[in-house]
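There are 2 protein chains.
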Amino acid sequence: MRKKEYFADSEEASLLYREEFRDMKTEEPEVAPSPEKDKFEIIGKSTSRIDGEKIVTGRAPYTHDIKLRGMLYGKILRSPHACAEVISMDISQVQSLPGVKAAIQLKKGRVTYAGEQVAAVAAVDEKTAEQALKLIKVEYKSLPFAVTEEKAMEEGAPQVRKRPNVQKFNEYTRGNIDKGFKEADFVLENTYKTAVEIHHPAETHGSVAKWEGERLTVWDSTQAIFGVRDGLARALKIPASRIKVIKHYMGGGFGSKLGINDYTVAAAMLAKQANKPVKIILSRRENSLCVGNRPSSLQTIKGGVKKDGTLTALYLKNYTSGGIGRGDYCSEPVVDLYKCPNVQVEEHSVFTNTGASRPTRAPGHVQGTFALEGFLEELANKINLDPLELRKKNYSTKNQGDKETPYSSKGLNKCYQLGAEKIGWKRRNKRPGEGNGKVRRGLGVASQIWWGVGRAGTQADVKLHPDGSVEAICGTQDIGCGTRTYMATITAETLGLRPKDVTVKIGNTEYPWCGGSGGSTTTPSVAPAIRDAALKAADYLKKMAAEKLKAKPDEINITKGKFSNKNDPVQSIGYKKLIEELRKERKFRREKVFHGEYVGRPSGFAYNTFGAHFAEVEVDVETGKVKVLKVVGVHEIGRLINKITAESQIIGGITQGVSTALFEERIMDNTTGNVANPNFRDYKIATSLDIPEITPLIVDTVDPRINNLGAKGLGEPPRIPPAGAIANAVYNAIGVHVREIPMTPDKVLQALKRKEVD
Amino acid sequence: MRKKEYFADSEEASLLYREEFRDMKTEEPEVAPSPEKDKFEIIGKSTSRIDGEKIVTGRAPYTHDIKLRGMLYGKILRSPHACAEVISMDISQVQSLPGVKAAIQLKKGRVTYAGEQVAAVAAVDEKTAEQALKLIKVEYKSLPFAVTEEKAMEEGAPQVRKRPNVQKFNEYTRGNIDKGFKEADFVLENTYKTAVEIHHPAETHGSVAKWEGERLTVWDSTQAIFGVRDGLARALKIPASRIKVIKHYMGGGFGSKLGINDYTVAAAMLAKQANKPVKIILSRRENSLCVGNRPSSLQTIKGGVKKDGTLTALYLKNYTSGGIGRGDYCSEPVVDLYKCPNVQVEEHSVFTNTGASRPTRAPGHVQGTFALEGFLEELANKINLDPLELRKKNYSTKNQGDKETPYSSKGLNKCYQLGAEKIGWKRRNKRPGEGNGKVRRGLGVASQIWWGVGRAGTQADVKLHPDGSVEAICGTQDIGCGTRTYMATITAETLGLRPKDVTVKIGNTEYPWCGGSGGSTTTPSVAPAIRDAALKAADYLKKMAAEKLKAKPDEINITKGKFSNKNDPVQSIGYKKLIEELRKERKFRREKVFHGEYVGRPSGFAYNTFGAHFAEVEVDVETGKVKVLKVVGVHEIGRLINKITAESQIIGGITQGVSTALFEERIMDNTTGNVANPNFRDYKIATSLDIPEITPLIVDTVDPRINNLGAKGLGEPPRIPPAGAIANAVYNAIGVHVREIPMTPDKVLQALKRKEVD
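Quick mapping for you: the protein sequence lines, in order, are chains A and B.
Under my numbering, think of the first position of the first sequence as 1, with each following residue one higher.
Under my numbering, think of the first position of the second sequence as 1, with each following residue one higher.
Distance condition first, Cα-Cα at most 30 Å in a straight line; then the derived DSSO-like pairs of lysine-lysine:
no., chain 1, residue 1, chain 2, residue 2
1, A, Lys237, B, Lys54
2, A, Lys67, B, Lys272
3, A, Lys67, B, Lys54
4, A, Lys45, A, Lys577
Which stretches of chain A does chain B cover? Using the computed rule of at least three CB atoms under 8 Å from a CB of chain B, they are:
no., region
5, 67 to 81
6, 226 to 239
7, 463 to 472
8, 584 to 593
Note that these hints are calculated values from the structure, not bench results.
No residue lacks a Cβ here, since even glycine has one placed at the ideal position from N, Cα and C.
Using the sequences and the hints, build the whole thing.
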C-alpha cells in the first residue's frame, strides 16, 4: 500500500493534479467501450492543425490579446521580503493619482516568500497602475528566512510554516528490502540531485475579468476553465452558475496554469470595485516568482541486482522542495517501472521561503526517472550487462505498485526495439568512457511509465445543422496540443466528412463539461466523448440513409461524403443530398444535438503509457560542455489520433527535456531571499542552437479497453525520459555519471575529477 | 377545407409565421404529456421579474447598447422613389471621405417602394456615415406607382409586382352559404375598414455584426435568434454552424423582428469588408418604411341569424393590402369562433408600392375580430338580443374550421361570466344610443380565439452545480414577456428552491434550440421543455435524497429547500445539506446537465386560447371624441404560470388595442409615394392619458393534454378583442356603429350623420 499524506494547506493545484489526474477511479461503465477494429481514413494519419493558419498569422486571440471597451489594467504589489509581518498598509494615496480606478489590500499578517501578493490596483493604463503601486505604503517587519533546501534543513533554521520544515509525505513498502539486498550479487547506492525549474510558458499568466451585474466573465490563460470557474466561485463566494470562463488560445502552461490563481481573483475584485473590466498580465519576473515551479529533489537510491540482471531490491529516500508548497512524488518510477519484489520508499518535503510548487509537465517523474535510470546505468555497468538488456530483463506486464494488476496494454518492448534500431544502439561504447580525444561520444537510453487515461464523465456534443454543417463542441481547452484538430478529425472520420467541414467550439464553461488539461488526460477524455457523440450522429444519418436506400441501418457505410449499402455499394446517396432531401421532407428542419460522453473503462486493469528515449551526445572533456546530437523518442499510446500533433508532442517534450538536462535552474539569493534569475537572460533555457536532431516514433496499437478509440494520452510521457537518456549517454561517453541536473559544464568537470579519484 | 395560396416571393417572415406558428403539426408524442395535478407553491402566483431591477435601472443591455472595440457605424441609403429603375450607381466617391471604411451596393434593377435599401456604408461615427451616403450617386428612372389600395385596385393602375395587383389568396367554404341565408330570419351585410399600422417597438431595429476569421457573431434586436442565424447563413452562403446570434434584451418587436432583416445582412457584409464590427441601428423613420406593418383590410360581412339568435350563415369578402408583401388572413374568426354551419370566405391581397407587411401581434385577427364582432353587435340588435347572449347561443366546443375537432380545453363561457360581472354588464344601454346629452356612455363586448400552442422539439437544459447553484438554459429570447422569470419560477418550483436561486441563460444560438418568439408559442414551448429538464433534475436529487432517508425515490417530496419522506415528513434533509454531502462523498463532483424537451401533444384535439373583453366608453357626440373609460380583459390560457406577467400581457394588449381602435394609421402621400407620417409627431399612438382603467382577469385552468404544465400562450390573445369591444361600446353609446378604425373624431361624426340618414 502506498501511504499518502496531503498537506491540508498545500497548493490546490498540486493536490488537484494528483487526485484528479493520476488516481482517477476507473469508474466501471455499464457497457465497456470496445474500440473499433475498422481502418480509419483520417484518424492516425497526419492532419495539419485546423487552426494553424490562424495561429501563425497572429489572428488567434490569446488572453494577452483581449481588449474590452473601458478596460483597466491591474498591477500587483508584491512582497520584497522572503519572510515578514505586514505591520500596516495604506492604500488610500493611490486614488490621488489621476487614472487610478481601484485599489485593494490582499494581505494581512505574514508573507512567506518574496513575490507574494500584498495589494493590487487598477488604472487606465499599465504605466499609471505601476506608478500607483509606489503610492501604497506598506510597513513590514522582516523576519529570518530560508530560501534553499540546505538552509531549511539546518538545525535551528527559520521555520517556514507552522510545522517543521521537513515533512515526510510518502512511504511505500513491498516485499522486504533487507531480504532483497541479501539476495543481490551487487548492491549500489548513489545520490541524485535535480534543480527547481520554472515552467515559463511563452505566454505569461493573465486574466481579464468583467462583471455584468452579478455575473462574471473571465478570459483566462488557463489549462482548466472549469477549475478556474469553480475556484473563483469559492474565492468570491458566489455561485459557480454565475461565472463564465473563456479561453480561446494559450501560449503554453505545462501545469502552471492549472487551477485558480491569486491574480485572477484580484482582477475580479478590482473589476467589481471599478465597475469596469480589468486585465492583469503577469511579467516574466512575476512568472518566475509566484505561479509555481518544479520541486527540486535530492534522491538517494540503493539497489541490489543479481549477476544475471535480476533486480532484487530498490530503496529510495527523497528530499524534495516545493517552496511553501509540497515537494513532488519522485518515487513512482522506482515503484512501478520495473519488476522488483522488494521496494521501499520514503519521501520528505522541505519547506523553503519561496513560491509554492505546482505540477510541472510530468511532476516527480522527470526527477525520479533521471535518478532511477541513471542508477540502472551504473548497475548494468557493475554486472557488465547492456543497459537495455537490464531493462528488458526486469520487464513487467503487471503494474507492480498497483497490486500486480495487469496492464491493459503495454508496448514498451516494441519501443525498445524501434528506438535501438533507429539510434543504432550497437554503436554505443561497450565500456562507458572507452573513447578518446577531447570530444567523446556516447549513447544512452531511458524508459518511462505514465498515466494518460481519460476522465469518466467528460461530455461532448456533435450538432448537425439542416444546412449540412456540423459542430463539435466540448468545454475543454487547447493548451497547445491540437485539441480542435482531433475533435474535427474524429467527427469528420465518423461522419464521412473532411476535418474542415467541422466547426469546433471549445474553451467556454458554457459548453459540455470537461476537466482541466493536465495529467495527459485531455485526448483520452475528449476524443472518446466526441467519438461517442459523432457515432450517435452517424447512427441517425445511417437510419435516414437506410430508409432512402431501402436497407437496414447497420448495412450502411459512411465514407467520403457518401452513404452506401455495404452489400450493394452502387446503392448510395451523398451526404449533402441526404441532408437536403430530409430538409425538404421537413424531417430535418432544425439542428439536432447528439450528446456524447466518455463513460470510463473496466476496472481490473492498469492503464498506463510507456516510452523509451535514446540519446546521443558529445562531451568536451576539456570544457565540460555537453552537446546533445540526437534523441529518438519512441512512445506507445494505444491508438494514434493525429500523427503530426503526436510527433509535435514528442518533439516538444524532448526539447524541454534537453533544457532540463543541460540548463534550467532557478537560483535563490540567500542574502536577499529573492530569485536571482527571474528573467531569460539569467534563467537559461535551451534555444534552437541547443536542440538536437529529434526522431519521434509512435507504436500505433489499440488499447482494447480504455475507450472507444483505444487511445491513451501523450502530453507528459515524452517529457520524462530525456534527462535520464542524456545523462546516460554522457556516462557512456565519459565513463562517469553526472548525478545532478542541469549538467552544466562545471558539474561535468567535477564528475570527471571524481572519475580520476574513483 | 381551407384553401391556401402562398405568394412564393412574399415576405419570408409572414410565411414563416403562418407555417411555423399557426399550422404547427401536433407531432404526436410517444408519451402524451399529462400536466401535474399538484398544487404549486410558486407557479401561478405573482413573481416579480427577476430581471426587473436590471431593466428599470438601465443596466439591461439592449442591442442599442452594444459597443465593441473599433466598432463602425453603418447607414443605409434608401430609395426616395416608390417605383423606379436604378439606372446606375457610383459608390466610389464615399472612400474619399475620411473615416469611411466600407461601402456596398445592395440593389440593382427595380426598387418597388420608397425606403427600399439600395446601398450601405460604414464609417467611424454615425455623422460621417450619413455624410457618406450623400456621396453615393444613384441615377433613377422614376416610374408610376400606386401607394394606396384604392389606387392599386383602379383599372389600369401601375402594376406593383410581376402579377396583377389584386390576388386571391384564400378561399374557404363549409356547408352551403345560400342555404344558410335562406334559413335565416334576418340577413345583414356591412363593410368594415381597418388601417395599415406600424409596429413601432420602443427600441428601433438594429444589429451589430462582428467577424472573427470565418465566424460571425451578430447581436440583434430580434424575436428569432435561430431564424436570424439561419437566414444569415442563406444570405451570406456560409454554414449556420459558423454564425452565433445573441440577443440579451429587446425593447419590443410585435412581429416586426421575426426573421432575418436586410440591414442585418448589410451589417455583416460591411463588417466583412471593413474587417471591423459594424453596428446598424434604424431610425424611427426607417422603422416606418421598411420593417413591416399590419396590412389594412376592407371586409364585407354578410350574415344570417334566426330570431332565437342561431347563426345560419357567415360570408366574408376581404381586400387586404400588405404593400409589396401579402395581406393578412382576416377570416379566421369568421371561420372558427362561433358555431355556424354555413360559412364562405374569399380573401384578396392588394399590392401597393409600400414596404412589405409583416406579422403584427395577432395578424389578421385584430382586423377580422373588429369586423366580425361589430357585425354580431348589429345582428344582435336586429333580433333584439343581448349581444352576450348571441355569443353564448352560438358557442362551440369544437373547432368549426378544423373538421369539428373538439377543443382540448375552452374556458370562454367562464370568461364571459367573469367579465360581465366585473364590468357590470347590466349597466349597458338596452337599446344602443338610448342615452342623452353631449357625452354618452356605452358598454361593449368582443370575444377572441387564437392558437398559442407550443412547438414540439423545443429544448432546454437544467444544470445542477456541486455548489448547489442551478442554471436554466434555453436558446429562446425574451421579447419583453418575462421569459427569464418563468424559466426561473418553473425550475425553482420543481426543485423546491426560490426563483432567485436559479441563473437563467437565454438569447444565444449556442444554447438549446428554440424557435422564434411569435404566435404566442414561447411559453407553451419553453415552459414544458424547462419543466421536463427540471423534473429530470428533481428525479436525480430525489433518488439521492431517498438513499439518505432510506426511502424510495417516489416517496420523496421536494419543497422549500427540503427533501422529505411523504410517509414520514420528519424524515428530511435540506437541499444544501444533501448537495454538500454528495459533494463530500464524491458522488457529485461536477455539474450535471439534464436535457428537457417539449415533446408535443396528442392529435385529435384542437388547441386554442380564448378570451372576452368588455369595454366602457364615453363619446362626445359634438366633437366625435371617444374616451375609453374601462376595459376588462378576461382570458383562458390553461394553467397560469406567473400572474403578474400574464396580467402585464393583458394590459399591454389592451393598451395597443385602444391605440388601434382610436389612433393608429400609416398615411401614404399619393403625390410623392412616401409615408406621410414616419414619426411619432404625425403617427399617433395612445399615450398614458388615453389608457383606460384596465382589469386583467385570468381563468386559471389546466389544459389536460397540451403539455406537462397544461399551459397555453398569451402573447397575442389580449391584442385581439379591444378594438371590437370598444367599437361595440361606442355603438352602445351612440346607436350607430363606426365601422372603420382608427375611430378618429371625424369618423365618429360621419357615423352619427349616417344615423340621422338611417
